[in-house]
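There are 2 protein chains.
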Amino acid sequence: MTSTVPMRPEAELLAGLAEYVAIPSDSRSASAETMRAAAGWLAGRLSFAAGRVEETDGFPVVRGEWLGAPGAPTVLVYGHYDVQPTGDLAEWHTPPFELVVDGSVHGGVVRGRGVTDDKGPVLLVVEMARAMLAERGALPLNVQFLVEGEEEIGSPHLPAYVHAHADELAADLVISADGAMWRPTEPSISIASKGLVSMDIVVTGAAEDLHSGRYGGTVANPVHALSTILAGLHGLHGLHGLHGPDGSVAVPGFYDGVDDLSPGRRTEIDAVPFDEEEYRATVGAPELFGEAGYGTLHRLWERPTLEVNGITAGGKYTVIPHRAVGHVSCRLVGRQDPDRVVAAIGAHVAALAVPGVRVEVRVDEGRVPAYRIDPDHPAVTAAREALAEVYPGQEVLLAVIAGTLPATTLFETALGAKTLFFSFATADEKHHAPNEFLRIARIAEGMRAWAALWDRLAAWTPAEVGR
Amino acid sequence: MTSTVPMRPEAELLAGLAEYVAIPSDSRSASAETMRAAAGWLAGRLSFAAGRVEETDGFPVVRGEWLGAPGAPTVLVYGHYDVQPTGDLAEWHTPPFELVVDGSVHGGVVRGRGVTDDKGPVLLVVEMARAMLAERGALPLNVQFLVEGEEEIGSPHLPAYVHAHADELAADLVISADGAMWRPTEPSISIASKGLVSMDIVVTGAAEDLHSGRYGGTVANPVHALSTILAGLHGLHGLHGLHGPDGSVAVPGFYDGVDDLSPGRRTEIDAVPFDEEEYRATVGAPELFGEAGYGTLHRLWERPTLEVNGITAGGKYTVIPHRAVGHVSCRLVGRQDPDRVVAAIGAHVAALAVPGVRVEVRVDEGRVPAYRIDPDHPAVTAAREALAEVYPGQEVLLAVIAGTLPATTLFETALGAKTLFFSFATADEKHHAPNEFLRIARIAEGMRAWAALWDRLAAWTPAEVGR
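Protein chains in written order, with my numbering: chain A, 208 to 674; chain B, 208 to 674.
Next comes chain A alone, as it looks inside the complex (with noise of 0.2 angstroms):
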């Protein structure tokens, strides 16, 4: 079975993104303005959908559907139309908010910010569909499209809304163009993705910056107290604690809910072909390093972990600074309740005696756990051979989403939906980091694949499909 749809050609779909990726909806620090004119210039792609901007009770989703198959299954396709902050902006070697064609690497790229996650990845599904309709006539199958502006902090308020919405939204699976293939050199499809909690622990000090000299040796140094607790986040090489962090988060009751590698999930990982050196090649790391007793997949597929994402305290310039605040976040796998996990770690930083200073830790709302489909799931099945169809003569791979996508737990539970991961971005795409990019030979594949894996879901029940 092959799906054709006669594709638009590339350079308009870009010319579309170079219009959408210039809106800097990025949902950290963007206006309510901003935010709402990129959710309105998606909405305006939707118009064969009834394409719409709805309110939420924090930014707006983006809502279009097409019900004109009776009979056939449901399908929602979710996506995010926010981004994450630019960082550094000296890091960027072009302007963020500037699509750019980049035909030196990788058989040629475009480079912003949200191009690979994720407005490249909803934009090719949209563009489809659209090109489908208007080659056909008709969809094969029902298509609900939901597309947030909160996934890049935690999706708070997507909750509320979904389950206000949950009749009109119903669907027999949710398909998420947010993900992304695991590396660029074979299909993959993602089975699981991880949890997310965030906090900021705050130290604080006196009431302002104080001289260092002026005032050296008379109050504690916020900075002093905040590396301790960091350093008491993680075990740590040799007897007295000051050879380093081993890899191991020392939060008493972090890893509550995270089961032991089993055998058989080892040797499946093992089997995956994966060069290390390679791997620490891309990175650019003098090393590759993490929890002692696994192998670099398994700590990226299958163990949880906690990281610094970074500190705000002073700077160079001789004062003992009044406040330090590190940013904490944490990936969870498994069971992990994210509950459970804050709190955690809120009693081993409180069980820290930190002297002469006021230790405060400020957990986000976003609270996510870790998400599972089954790999024989019909969904994934279909997946896979839409995939084989587009990369033929290479096998699909089942991989981990070791990000994490906020909206698959509150689909199972609001609308009784598994989701299955269905993205064209890959992993090493700088998602998060400057100078993010995406493989513009990804776009007509993925539009190939997504024609597909609808063609295929088509030919089944609603319930086969939503099994």
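Treat each hint with caution, since some may be false.
Unchecked claim - Computed footprint of chain A on chain B; a stretch qualifies when at least three of its residues, placed anywhere within it, have a C-beta under 8 angstroms from a C-beta of chain A:
| hint | segment |
| --- | --- |
| 1 | 478 to 492 |
| 2 | 608 to 620 |
| 3 | 640 to 651 |
To be verified - Far from chain B, by Cβ distances over 10 angstroms, these chain A residues were calculated:
| hint | residue |
| --- | --- |
| 4 | Glu305 |
| 5 | Arg343 |
| 6 | Gly344 |
| 7 | Asp467 |
| 8 | Arg542 |
| 9 | Pro545 |
| 10 | Glu592 |
Source of the hints: derived by calculation from the structure; they are not laboratory data. Ideal Cβ placement from N, Cα and C applies to all residues, glycine included.
Fit chain B to the known structure of chain A by using the hints.
Here is chain B on its own, set in the frame of chain A:
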């Protein structure tokens, strides 16, 4: 003996200070043009002393001299026209480079970056000299002015300049308009200042920031490594090193050249009226804190410190930052050798086995040893008398500048002259911090005191003054 000079109206001096403060001469970030503008402005006020801007290998110095008192001693007035960075602008209540008069606190203050460190204290000497000349037609002694533009970055180019111009700059005594009375409640003379070294501890992991999910668990996080390194710079409470810093520096060799506090000096300091709770309330810290076995004033005046002034690393977004930098500086006392201190820190950091990252210690140029003048030095005696005249009935305390005046050792070496600290800043005036201010009353007090000091020194022979 009473010195009277007609004082220029405060308002006129403040108008000048407003122009001077408006030039943002932050020696860490300002352009050469801005620094030259500040130097040029001050040189213009020194027209009575052939004021001029002279080149160094860095930012220029302001020079001037009035040498019309043959046979009388020659004093060199030292200060600086550069200022500290503003730090976080959000913490300033008024624009940092705008002189704002606030009559609501401390009997009236002016606010702005540099008002107390060191633009105000220098300008009041200049204006006093101008007024004295206008009144008397002559100064009572010979005066050299040397005002540098790199004090806040450790005076890296001052030594070469002073050595090259030692003959021109010959003086029997240096009087520093930089420094500060240690508190507002009584007059004080500082007889020592601490040394200073600074450095960056740079930890590098991957080539760029990595998505904390998609790469989580595969590489070391430089922030974790840096936290461990920084935690290891201080002694820690608790057996396993995870119960907070104990206030001592854990770097082997750091305390070489630091004498134990003698019982005599301990008694002397303990006799200084000092209300710990009032001090605590003023700085706004939850409690006072420092090296065990020493009181607050012992630590402030007699003990060296190692402070992490800030950390630059990532931010509040879900990445594994590729770089984390700790900005570290040390205040030195006694015979601590700046070169040996930075070498000891480098060796200590290198000895920590931190896996998965590169660690580098980058030491800054300026390295300043501690400085001391004999409390019985004739210049100290003259200064105490001058202060007693301006602050009748108040005891003049002998204090220590816990800050650093890099030029003192240089003047001793290159000119054979001791330095008297004679500043009318006060240590609580938020030097190096947001909302820096200067008590307006100190301007007239300072002008009267400088006149009284010069008149006293003029009555002595050069040999007596330069003893």
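We went through each hint and held it up to the structure:
no.: 1; hint: 478 to 492; verdict: holds (count 4)
no.: 2; hint: 608 to 620; verdict: holds (count 4)
no.: 3; hint: 640 to 651; verdict: holds (count 3)
no.: 4; hint: Glu305; verdict: 19 angstroms, holds
no.: 5; hint: Arg343; verdict: 36 angstroms, holds
no.: 6; hint: Gly344; verdict: 40 angstroms, holds
no.: 7; hint: Asp467; verdict: 16 angstroms, holds
no.: 8; hint: Arg542; verdict: 18 angstroms, holds
no.: 9; hint: Pro545; verdict: 15 angstroms, holds
no.: 10; hint: Glu592; verdict: 26 angstroms, holds
Comparing the model with each numbered hint stated earlier shows that all of them hold.
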